Structure formats: C-alpha cells, structure tokens
Amino acid sequence: MTIPEVHPRSLIKFLNKAMALAQAGGAGDDVVLRQFQSAIAVLQGDWDDLTRLLDDHSDNALLEAAELVRIHVDDMRELLDEHQTFFAAHRDRVDFLDADQEALDLVARLGTLSAEVIQAISGRADERMKAGLRVDRTDIRDFLASREVDDLATLVADLAAPSPFIVAISPMVAFDSLSEASGRVASTPPTMPPPIVLTRQPPEAILDPAEVMRDELRELDEPTTIVELTVREAWEESIARHSALLDVYSRWTELPDLSHEPGWEELEQSEVWRVSKTTIEMDI
Amino acid sequence: MLVAGTLDRAQWPELDDEDFAGEVGDRLDMVGLELVGSSGKWLARPKHAPTDDIDGFEPAFALNTVELAVIAALYLHLRYLPRNANRNENGEEPSVAVEELLRGFPGYSSRFISQIVVGHLRNAGFVRRENDRLYAGPYLATLNEIEADERSQVALGSFQLRRYLKQRASELEDDHAAD
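The listed protein sequences correspond, in order, to chains A and B.
Note that the first sequence covers residues 1 to 284 in my numbering.
Note that the second sequence covers residues 1 to 179 in my numbering.
Some clues are possibly wrong.
DMTMM-like, lysine to aspartate or glutamate: derived pairs with alpha carbons at most 20 Å apart [stated by the list, open to error]: (1) B:Lys-41 x B:Asp-55; (2) B:Lys-166 x A:Asp-158; (3) B:Lys-166 x A:Asp-56; (4) A:Lys-13 x A:Asp-59; (5) B:Lys-166 x A:Glu-265; (6) A:Lys-277 x A:Glu-233; (7) B:Lys-47 x B:Glu-145; (8) B:Lys-41 x B:Asp-53; (9) B:Lys-41 x B:Glu-14; (10) B:Lys-166 x A:Asp-48; (11) A:Lys-277 x A:Glu-266; (12) B:Lys-166 x A:Glu-67; (13) B:Lys-41 x B:Asp-16; (14) B:Lys-166 x A:Asp-139; (15) B:Lys-41 x B:Glu-145; (16) A:Lys-277 x A:Asp-247; (17) A:Lys-277 x A:Glu-261; (18) A:Lys-13 x A:Glu-116; (19) A:Lys-277 x A:Glu-265; (20) B:Lys-166 x A:Asp-59; (21) B:Lys-47 x B:Glu-23; (22) B:Lys-47 x A:Glu-116; (23) B:Lys-47 x B:Asp-26; (24) B:Lys-166 x A:Glu-266; (25) B:Lys-166 x A:Asp-49; (26) B:Lys-41 x B:Glu-58; (27) B:Lys-166 x A:Asp-105; (28) B:Lys-166 x A:Glu-116; (29) B:Lys-166 x B:Glu-145; (30) B:Lys-41 x B:Glu-93; (31) B:Lys-41 x B:Glu-23; (32) A:Lys-17 x A:Glu-116; (33) B:Lys-47 x B:Asp-29.
Cβ pair distances, simulated, as ranges [unchecked claim]: (34) B:Phe-20 x A:Met-172: 27 to 35 Å; (35) B:Ala-85 x A:Ala-88: 51 to 59 Å; (36) A:Ser-179 x B:Gly-40: 43 to 51 Å.
Derived coverage of chain A by chain B (criterion: at least 3 residues anywhere in the stretch with Cβ under 8 Å from a Cβ of chain B; other residues may be distant) [what the hints assert, rightly or not]: (37) 110 to 120; (38) 188 to 202.
The hints are simulated quantities; they were obtained by calculation from the structure and are not laboratory data.
What you are looking at is a predicted structure, and each value in this text was computed from that prediction instead of being measured.
Glycine included, every Cβ here is placed at the ideal spot set by N, Cα and C.
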C-alpha cells in the first residue's frame, strides 16, 4: 500500500489515526478492517526488508532498517491497545480474528528480530552470541563460499604485493642455450628396407584318405570284412579308415558290393568294441 | 640475489647479524624494498605495493582478482585460523588440503584454481604444495598480519553475525508456521 506524503516512520501511526477517525465518523467495520490490514502489510514489508538486508553487507542499512522496524512495532502495539475494544467487539468475525492474530505474530517476530539485530550490530551481543563467534574450519569454508572473489580480494588487496623477482639471465648462458637448441636435428623415422621379390612355393601335397582307401579297395583280390579292412589297433586310426571307407562309397561308383549280415563282430584285440557284420565282395 | 629470489635462512646466518642485515636493508631500501625474514627464508618485498593507476606504469608481475582472493583464502586457512582456533598445538606446520581450498570457490573449475592459480602463486612464493596439501610460502608469511587479521576478523564476524541472525529469523518464522 502506498500512502502519499506520509513518512515511512509514521505509516502505522497514520493508519492508527485513520482507523480512529473512521470509527468516529461511523464508517463501516470493513473500512476499519482494511486500514488495519494496511498496517499489517507495512509490518510484513518490514519483515521482508529486514530478512533481505541480512544478506546485504551493509551494517548501517541493516541497523537503520531494524530501528525503523522497532518504531513500527511500537506503533502497532499502540494501535492494538487503542483499538482493543473495537477488536473485542468483533470476535465473532473470522477475518477480524485472523488479522488480529497476524498482527500479534508480526509484532512478536519483528520485535524479537529487530532487538537482536540492534543488539548485535551495536556490539552488545550476549554471551551466547560471543560464543558463536569462535572461528573454525567450517566457518572459514562457509565464509569463502558465500563471498564473491572481488570481496575476498579486498581482504589482502593492498597487503599482498607480488615478489620483486627480476630474472637474472647471463648472456653467455643464453647464447650457449641458443647454440645447443639450434644444433638439434628434428628426429625422422628410420628408412624402409629395400623391396624383395617373394618366391611362390606350391603347397605341400596331402594325400586324400578317401583316395587311398579307394585304391586299397580296388586292390582287394578276395572277400574282405569291414573289420579286416578298417580296424587297426588304435581307435583313432580305425575310425579314420572307417570314415574314409564311407567317403569312398559316397564319392565313387564301380566299387565292390557290400553284403550286410545281422549282428555285430565284437573285437578283443583293438580299442574298437564292435562293428556291424559287413563284407566287401569281389564281383564288381 | 634478494631481487631475484629468496635465501634459505639456515644457509645465510650472516643476515642474522644486525649490522650486516642493516646494511642489506639499507641497500634494498634505496630501491623501495625491505628485508624480511619469514618461514625459514630471507626475502625482499616492496615497501609499498605499486598501484596500477600511475600513468605509464605497467607492472611486470601483477596479481589478478582471483589470485588475490585465493591468497585471502590461504591466509584465513594457514595464518588466521591456526592463531584464532588454537590449532596446531602439536607444533605441526599449518596446512590445508587442496580439496578444502577448492570448496571456497565453487564457481570456478577445480583445475583453474588448483593448477593455474595455485601454480602461479607457488611460483610467486605465496604457497608451497606438497602432495595434496598447501603450506604457507614465504610471501604469505610476510603479509602484515595485524592489518590482515583485523580485516579478517571484521569480515568473518559480520558473516557469522548475519548467519546467526538469519537462523534466528528462520526460527521465528518456523514458530509462526507452527502456530
């Protein structure tokens, strides 16, 4: 609320008088309530200003604000006293009760805070405050984090002069260094070896086991069992020969017929357990 | 030598002789410097820090705002705090972790503060770095501690006062909300 030509110090006093005049003039209760709410708004503004100034760095501004608050608080107490009867007569209205409660709360809060601000800034801090002013690492950390670098720099601005170091350089040393540096040769990668012609060699001939087995088959001159043809002492060799035999019959024609009989031939002198009874006939 | 670097105090006992030191001091005085013994070193420092606003003057070595702020932080950690908090009663040299210093400058990258700024200040003799801890260099030890302590006390006192009052304002508001 803005009231022209009224000094901020006298705002609540002014509103107090306005409320009295409104009541005497027979203005409605709502008019008086609005004037009272304006006085409360002044106090709420005081609270906002005071807490905002706690973040400011000016002790003078904070102290001035606290002293203005103290005047407003006293004026509000006076207002509440003078209109005590009026408020008592409207206890049945919720809006009057709310405003009255808010005014009392603001008076209490602002009265306490402004008194503590004035006491602290004026250097009359109580023992609890003094105890709180001991410094530890956390205080330093919080203080540094809360300040801009410009503020911190002012703490030592004219106290910390840079060292007057003037680098003493010997011309002899300088030119020796230049000579050494200019004599250095940039490193280069090693040269590549001369090219050579590679000789091509045919791959090593590897006998096809199936072809070997086919030749063995064709050289048979009497009926021969599969066991006789394929089984040898070791399992690996036996199975390799057996696989080669199967390969032969899958790849070539005109091979000896195979005659199968039911049952198995069981072997004792080999790592092979048993083989189906099959004979290679010679009548191609 | 004193205008080109520092002298180890243990290796220069001559400078503990009053007459000899007086003569050296007189010679330094002629070029605006003074002899100071600090942190086991003898060094020369300007008697008055030259200001940049002199026409035509361009300092060869100047400390910028961030460097001054870090010097202030180092002073608070390494000089002011040990004196005012009765620390280091075991006689250890005051030191602060690099990490702790960085917490005071949350708006800057850790690399900028810990390597560039601290590196420059180390070269200028304000700080020594051993592993991850920082120790006062000879030039930090030569700051006028009466003046610097007074400013630190005012700044820290104001900070603590406001922190306390803000806490009280918050408590009063909480009381109001509880009602």
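Hints, one by one, checked against the model:
Between the alpha carbons of Lys-41 (chain B) and Asp-55 (chain B) the distance comes to roughly 34 Å, so the proposed pair goes past 20 Å and is violated. For a cut-off of 20 Å, the pair hint linking Lys-166 (chain B) to Asp-158 (chain A) is broken: about 32 Å separates their Cα positions. About 12 Å separates the Cα atoms of Lys-166 (chain B) and Asp-56 (chain A), which keeps this hinted pair within 20 Å; it holds. Taking the CA atoms of Lys-13 (chain A) and Asp-59 (chain A), the gap is near 27 Å; set against the 20 Å cutoff, the hint is violated.
Proximity of Lys-166 (chain B) to Glu-265 (chain A) is assessed by CA-CA distance (about 104 Å); at most 20 Å being required, the pair is judged violated. Distance check on the hinted pair: Lys-277 (chain A) and Glu-233 (chain A) sit about 18 Å apart at the alpha-carbon level, within 20 Å; holds. Our distance criterion of 20 Å between C-alpha atoms is met by Lys-47 (chain B) and Glu-145 (chain B), whose separation comes to about 15 Å. A distance of roughly 32 Å separates the Cα atoms of Lys-41 (chain B) and Asp-53 (chain B); the hinted pair therefore is violated under the 20 Å criterion.
Only pairs whose Cα atoms come within 20 Å are accepted, and Lys-41 (chain B) paired with Glu-14 (chain B) is accepted, the gap being roughly 13 Å. Pair hint Lys-166 (chain B) plus Asp-48 (chain A) holds up; C-alpha atoms about 12 Å apart against a cutoff of 20 Å. Our distance criterion of 20 Å between C-alpha atoms is met by Lys-277 (chain A) and Glu-266 (chain A), whose separation comes to about 10 Å. The hinted pair formed by Lys-166 (chain B) and Glu-67 (chain A) meets the criterion: a straight-line CA distance of about 17 Å does not exceed 20 Å.
For the proposed pair Lys-41 (chain B) and Asp-16 (chain B), the alpha carbon gap of about 11 Å is at most 20 Å, so the pair holds. For a cut-off of 20 Å, the pair hint linking Lys-166 (chain B) to Asp-139 (chain A) stands: about 15 Å separates their Cα positions. Of the supplied pair hints, the one linking Lys-41 (chain B) and Glu-145 (chain B) holds, its CA atoms being roughly 17 Å apart against a limit of 20 Å. Taken as a hint, the Lys-277 (chain A) and Asp-247 (chain A) pair is honoured in the structure, with Cα atoms around 19 Å apart against an allowance of 20 Å.
Restraint check: the Cα-Cα separation between Lys-277 (chain A) and Glu-261 (chain A) comes to about 5 Å, which is no more than 20 Å; the hinted pair holds. For the given pair, Lys-13 (chain A) sits about 24 Å from Glu-116 (chain A) by alpha-carbon distance, which is inconsistent with the 20 Å threshold. Under the criterion of a C-alpha separation no larger than 20 Å, the hint pairing Lys-277 (chain A) with Glu-265 (chain A) is consistent with the structure, at around 6 Å. Only pairs whose Cα atoms come within 20 Å are accepted, and Lys-166 (chain B) paired with Asp-59 (chain A) is accepted, the gap being roughly 14 Å.
Simply put, Lys-47 (chain B) and Glu-23 (chain B) have alpha-carbon atoms about 17 Å apart, close enough for the 20 Å limit, and the pair holds. The hinted pair formed by Lys-47 (chain B) and Glu-116 (chain A) fails the criterion: a straight-line CA distance of about 43 Å is larger than 20 Å. Proposed proximity of Lys-47 (chain B) and Asp-26 (chain B) is supported: the alpha carbons are some 12 Å apart, at most 20 Å. Distance hint between Lys-166 (chain B) and Glu-266 (chain A) is unfulfilled; the C-alpha atoms sit about 102 Å from each other, more than 20 Å.
Only pairs whose Cα atoms come within 20 Å are accepted, and Lys-166 (chain B) paired with Asp-49 (chain A) is accepted, the gap being roughly 13 Å. Proximity of Lys-41 (chain B) to Glu-58 (chain B) is assessed by CA-CA distance (about 28 Å); at most 20 Å being required, the pair is judged violated. Distance hint between Lys-166 (chain B) and Asp-105 (chain A) is fulfilled; the C-alpha atoms sit about 18 Å from each other, no more than 20 Å. Between Lys-166 (chain B) and Glu-116 (chain A) the alpha-carbon distance is near 11 Å, which keeps this suggested pair within the 20 Å criterion.
The suggested pairing of Lys-166 (chain B) with Glu-145 (chain B) is violated, with an alpha-carbon distance near 30 Å, which exceeds 20 Å. As the CA atoms of Lys-41 (chain B) and Glu-93 (chain B) are separated by approximately 15 Å, the hinted pair is consistent with the 20 Å bound. Restraint check for Lys-41 (chain B) and Glu-23 (chain B): satisfied, since their Cα atoms lie roughly 18 Å apart, inside the 20 Å limit. For the given pair, Lys-17 (chain A) sits about 29 Å from Glu-116 (chain A) by alpha-carbon distance, which is inconsistent with the 20 Å threshold.
With a C-alpha separation of about 8 Å, the suggested pair Lys-47 (chain B) and Asp-29 (chain B) falls inside the 20 Å cut-off, and the hint holds. Distance hint check for Phe-20 (chain B) and Met-172 (chain A): the Cβ-Cβ separation is about 30 Å, which falls inside the suggested range of 27 to 35 Å. Ala-85 (chain B) and Ala-88 (chain A) have their C-beta atoms about 56 Å apart, which keeps the hinted 51 to 59 Å range intact. Distance hint check: the CB atoms of Ser-179 (chain A) and Gly-40 (chain B) are about 38 Å apart, inconsistent with the given range 43 to 51 Å.
Taking a C-beta to C-beta cut-off of 8 Å, the region 110 to 120 of chain A contributes 5 residues in contact with chain B, enough for the three needed, and the coverage statement holds. Under the rule that three or more residues need a Cβ within less than 8 Å of chain B, the assignment of the region 188 to 202 of chain A is violated, with 0 such residues.
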